[in-house]
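Visitor: Chains as they are written, first to last, in the working numbering: chain A, 10 to 266; chain B, 9 to 338; chain C, 52 to 312.
These are calculated hints, taken from the structure and not from any lab test.
Warning: the hint list may mix true and false statements.
As the list claims (entries may be wrong) - Looking from chain A toward chain B, a few residues come up when the C-beta cut is under 7 Å (computed):
#	residue
1	F35
2	L49
3	Y57
4	V161
5	F194
6	L197
7	F202
Claimed, not checked - Derived pair list, reagent style SDA-like, types lysine to any residue, alpha-carbon separation capped at 25 Å:
#	chain 1	residue 1	chain 2	residue 2
8	A	K90	B	T140
9	A	K40	C	L124
10	C	K125	A	V37
11	C	K308	C	T240
12	A	K115	A	D196
13	B	K193	B	T140
14	C	K187	A	Y43
15	B	K96	B	T140
16	A	K16	C	F84
17	A	K229	A	L72
18	A	K58	B	I31
19	A	K90	A	L72
20	A	K58	C	M207
21	C	K83	A	T182
22	C	K289	C	S302
23	A	K90	B	K96
24	B	K118	A	F206
25	A	K229	C	A210
26	A	K58	C	D144
27	C	K128	C	D144
Where a beta carbon is used, it is the ideal one built from N, C-alpha and C, also for glycine.
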Amino acid sequence: MHGFATKTRFFLNETGSLSRFTARFFSVGVKPRYEVKELLAQCYIIGYKSLPLIALTAFIMGLVLTMQLRPSLVVYGVESKLPIMIGIAIVREIGPVITALIFAGKIASSIGAELGSMKVTEQIDAMEVSGTNPYKYLVATRVMAATLMLPVLTVLGDAICLFGAYIGVNMHTVTSYRLFIAQVFQDLTFGDFLPAFIKTFFFGFAVGAIGCYKGYYSSKGTRGVGNSANAAVVLASVMIFVIDLLAVQITDLLGLN
Amino acid sequence: MANETGNNTRLGIFVLAGLLALIMAFYMIGKNNNLFGSSFELHTRFPNLNGLIVGNNVLFAGIQGGTVKSIRLISDTSIEVTMTIDDKVRTFIHKNALAAIGTDGLMGNKVVNISAGKGASPLVDNGDMLGTQKMVSTDDMLQTLSTTNNNIAVISAELKATALRINQSAVWDVLNDRSIGKSLKTSLKNIAKATANASQISLAISNMVTRAGNGKGALGVLLADTVAGGDLKSAIAKIKTAGNNADQMTANLNALVLKIDKDLTGGKGSLNAMLKDSVIAQNLKKSMDNIQKGTDAFNQDMEALKHNFLFSGYFKKLEKEKAKQQNKKN
Amino acid sequence: MKAADITEDQEDLNHGEADVRPVIVIEHLYKKFGDLVVLDDFNLVVKREENVVVLGKSGSGKSVLIKCIIGLLKPDKGNILVFDQNIPLLGHDDLDRVRTKVGFLFQGNALYDSMTVRENLEFPLRRHWIDFSQQKVDELVMEALNNVGLPHTVDMMPAELSGGMLKRVALARTLILKPEIILYDEPTTGLDPVTAREIDNLIIRLQKKYHTTSIIISHDMNCVKNTADRVVLLSGGKCYAQGTYPDFEASADENIKQFFE
């Protein structure tokens, strides 16, 4: 019973400090001066350098999804609906969530480890002493970069995923790419696309903020750095699903579904 | 520093690629929703939407021409549908164009079909109200066919009975009455017309069925449904029998009329005696009425069938050929 | 540094009217982490161009003390006056202004390992005075590196340098803003005695050159002997004893004696 109480307290404490940490982004991060150069550098690292990994996983996802869905659709005689089904699945859910999860695995851990080791080696203190707000310089830029880059990655990932699906469709029948794309977009509406697109900003924000939080409050030692990287990935992944749940409820309430 | 510039360039390419993909996606979706490109609105009113919803496609002459923008209930038998139509088809839609609700494929979404009306008419303007056309559904078509069959069956049965009775009894005197002779003649004409119609239709149907057998045409889809196909087949068979019956009857009647003519011109007295039998005379009159009614109904059914979209092509072809022949004659 | 030098320095201080006022005044400083009391009514006054060594065992709160001075940690109670500004009460911008005059040499050097030596040195320059010309920045970077004798490392990454070189680069970065006060957090810890000696000498030389005031945290008696004008023993969160190095060497106090064993 005692252990439970301690854990609950720890959980609440952690939630509170994470919220406070995140809130600082809006109070500190949005004020000048803006660390544009560091933001661009982070966008390059977080966005551009994640593309090959995202592209590979998205391609495989599209291909596998198509091959898995086809037999069931053949049974019901609606094989011709394969492109639109895959299109909706990818655009609405699989594209954003898979991309975000891969992104969390790569980015949350690297941010967590980077900031963790900077914390342990006093680089964050050194920055503060050098007249730089480390929150602004390190955290705000990374959170911002993750928030801005994940949507870009998701859109590209969706496109690559659809290309994988196209290859999957073409394994059994011959379809031109134009026809495939026309079929995919035939029944897609902005109600499918926009909520899915908007939620990726929140995914990116969560990944960035949690990675930074775990790194920023990393405990001393190499073990602490490893732990914070690990905890960042786990928490960020869970957070993605929580946001996804919230997003679907909100879109439902707004009648966008 | 050069390295950093390179990184920024790559980042720029990356972001632009993402932006491009985003714009493409917006465009592709927007194209279907008519958010981009200039468009205008048309209205129409249907008594029943059959499941048409906002966002369904509007087809003009079978091509994508717009989408359903809104649906508004006016009264219990009137629903106004507002359609957003692409500007690119504006120059082809005239004010007398007709809108109808149809289905995109066998199991697909509902669509609004806009088809060109007959005759000349000015082009539509933004906000115009289009007339509607009842699309004959498969069910309606089969129902019409069965009514036709029933009618033909009734006619042929009564005609047969009458003809037999006339043949058996020596009631020729009855026919001294000229009015009866006249109505008989009209009836004969009607029957001839009916049989011609019937044979045309059965030809059209068999034509369609052969095309359907080859998997062509709208019927091809329909006939995949074996129940509907069976119905249709039996319907066709019935029509054929009815046609044959009618043929026979016409021959009988012809013979009868010839006889009557002969009797009348020959001035045989037995007919006069016959006419005193008022019961027979009344029966005969009734029969004639029935024949007239039956043939009228049959003709109406045939007209309706002619306008059915399934057969429209065939009849158009016939008309064309007729026109051609007439041109040749002239 | 012998006692004679100290008196000379102190006399200098007493002569100049402006120099009389101390640059750092610490009054009744309290700081605890959870239940652990680290600083308990600590008082210290540091005069201009004085080298004060704070001596203490590991975990005695030495690092906490200088982190409070630079504003990295907030004390629970007490005043820290640096150039007459009370550090714990300062807002972010004012704190930044004070920090341009206070250098801090971290125990682990804290060089940014994702940047080259040049970028490391440029960082505080670019942060504090954004409107420096590139030429001026380059000049200052090379001057700082020449001061520590490592101009050839300018385009190397920190990972490529040895421990002693890292310490010197870190020192160069601390000095690049020409601070009036430098806080050294265990400058010779983890270095071999020869390198440690070099670093000590470098600290003394640069202190003479730029007339800085220093607080040096150490438990390395060689370092203390080489650099200290005055030694303060931090024990039990209080200023346990203070005096010159010879005073400490001659002391019979158990707490002091154990540092010489």
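Visitor: For each hint, tell me whether it holds in the structure or not.
Guide: Hints versus structure:
Look at A/F35: its Cβ only gets to about 24 Å from chain B, farther than 7 Å, so that hint breaks. Annotation: A/L49 was flagged as interfacial toward chain B, and the flag holds, the nearest CB pair being 6 Å apart, inside 7 Å. The interface hint given for A/Y57 is met, as the beta carbon of that residue sits about 4 Å from the closest beta carbon of chain B, less than 7 Å. Interface restraint check for A/V161: the shortest CB-CB distance to chain B comes to about 3 Å, inside 7 Å, so the restraint holds.
The criterion of a C-beta within 7 Å of any C-beta in chain B is met by A/F194, whose closest approach is roughly 4 Å, and the hint holds. At about 5 Å, the closest approach between the beta carbon of A/L197 and any beta carbon in chain B falls short of 7 Å, and the interface hint on this residue holds. Checking A/F202 against chain B by beta carbon gives a least distance of about 6 Å; that is within 7 Å, so the hint holds. For the suggested pair A/K90 and B/T140, the alpha carbons sit about 31 Å apart, so the restraint of at most 25 Å is broken.
Simply put, A/K40 and C/L124 have alpha-carbon atoms about 23 Å apart, close enough for the 25 Å limit, and the pair holds. Distance check on the hinted pair: C/K125 and A/V37 sit about 19 Å apart at the alpha-carbon level, within 25 Å; holds. For the proposed pair C/K308 and C/T240, the alpha carbon gap of about 20 Å is at most 25 Å, so the pair holds. Of the pairs offered as hints, the one joining A/K115 and A/D196 is violated, with about 34 Å between alpha carbons and a cut-off of 25 Å exceeded.
Proposed proximity of B/K193 and B/T140 is contradicted: the alpha carbons are some 40 Å apart, above 25 Å. Using a Cα cut-off of 25 Å, the hinted pair C/K187 and A/Y43 holds, with the two alpha carbons roughly 23 Å apart. Note on B/K96 and B/T140: the hinted pairing holds, with a Cα-Cα distance of about 22 Å set against a maximum of 25 Å. For a cut-off of 25 Å, the pair hint linking A/K16 to C/F84 stands: about 21 Å separates their Cα positions.
A threshold of 25 Å between alpha carbons decides the hint, and for A/K229 with A/L72 the separation of about 44 Å lies outside it, so the pair is violated. The hinted pair formed by A/K58 and B/I31 meets the criterion: a straight-line CA distance of about 23 Å does not exceed 25 Å. Restraint check for A/K90 and A/L72: the C-alpha separation of about 16 Å stays at or below 25 Å, so the hint holds. Restraint check for A/K58 and C/M207: satisfied, since their Cα atoms lie roughly 24 Å apart, inside the 25 Å limit.
Annotation: proposed proximity of C/K83 to A/T182 is violated, straight-line Cα distance about 73 Å (limit 25 Å). Between C/K289 and C/S302 the CA atoms are separated by roughly 18 Å; this keeps the pair inside 25 Å, and the hint holds. With a C-alpha separation of about 29 Å, the suggested pair A/K90 and B/K96 falls outside the 25 Å cut-off, and the hint is violated. With a C-alpha separation of about 29 Å, the suggested pairing of B/K118 with A/F206 is violated against the 25 Å cut-off.
Straight-line distance between C-alpha atoms of A/K229 and C/A210 comes to about 20 Å, which keeps the hinted pair within the 25 Å bound. At roughly 35 Å between alpha-carbon atoms, A/K58 and C/D144 are farther apart than 25 Å, so this suggested pair is violated. Simply put, C/K128 and C/D144 have alpha-carbon atoms about 22 Å apart, close enough for the 25 Å limit, and the pair holds.
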